[in-house]
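Enquirer: Sequence:
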Amino acid sequence: MPKADAPPLRAQLDALLTDSDGPSGQRPPLATRVRYACVIRRFEFLPVILTVSFAPALLSAHEWSDVYSLNTLLGVLFSVSGMQIGNMTNALADREQDALYKSRQSEAIYGLGVSRVVAHIGVSTAINCVLAVFLAVRTGHWDLLPLAVFVGILGFQYSAPPLQLKGAGAWQLPTLQLSLVFLPGLFVLRSSEYAVEWGSVVALAGFALLLVSLFVTSHAEDYIEDEKFGIRTYTVAWGLKKTMYIQSSMLLVGSALLIVAVWATFGFSWAFVPWIAAWLASQRLLYTVIRDVSDNTHEAAIEALHKKSLIGPYHAALMGWATVLLAVFVVIGR
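Here the numbering used here is used: the first residue of the sequence shown is 1, the next is one more, and so on.
Hints listed in this document are in silico derivations from the structure and should not be mistaken for laboratory results.
One thing to keep in mind: the hints can contain errors.
Unchecked claim - Below are the DSBU-like pairs computed for lysine-lysine, each with C-alpha atoms no more than 30 Å apart in a straight line:
{"#": "1", "residue 1": "Lys308", "residue 2": "Lys241"}
{"#": "2", "residue 1": "Lys242", "residue 2": "Lys308"}
{"#": "3", "residue 1": "Lys242", "residue 2": "Lys228"}
Could you build the full structure based on these sequences and the hints that come with them?
Expert: Right, here's the structure in full:
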């Protein structure tokens, strides 16, 4: 949230959207610009991002032809593009901090040029607006429009003023759960021509809880940098130990929600077996993180967390694709 002594909104927006050093010099070669464009979109997160779209697309399908339908394709495209817009906005807003700690992101922003990154965000946003309108007209699901607007606002306001929800303490987590998983997934569900089954919505809520609990494990290692730059993330607000307990609880509750919702709505599937195995492995990871944070000094806890935090996104991908497999068996069972 904005600080009491923060500059006026106009000044904050000017600082976000313009480069104080002016335009960069010679334009990089095309191959370098393409690499920079991939960096600011965080293509390394694509294995997780795709599961956010694929799982609800499969849960909403009543037959295999629905999986490959134009509605599903465009819904998935909207979801993936929307998350990349959020990644670009975050990289743009954090470019000064990233210059010290994540130079790859900052290099890509300044290599492309701030104005060109703003253009990337603008063009992608315009395309997503067209997709949302087209799908609303095609399906008759007019609630897709306010849904698209809401997820867009959350995506921008996570990093950008005036709200800057990234620094809103405890509110950062529900913002991530809604903007990264639940709302994009709900958009995909509503892109289907069929009525949404409430079991799918509850499963999606559980998916949001469990996926974010693992994916943001890497955020905790930014504790010192965020505190230094005055960014009151949920980790800064709660401290390392409490944060890890909350993330472990999110994984437990989210997994239970998903299992109960899918089983009650679609029946038993043998895909639950690998899914539960993946869940237990991920739950064990967070348990070891809690142990390391609890039994060490603050400095040692940060060091231990750095090693484990690199594994968190891989467990997020594991749980994501295990959920996609479970959704595949739902389609088979129909």
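Enquirer: Checking each numbered hint in turn, tell me which of them this model violates, lowest number first.
Expert: Violated: none.
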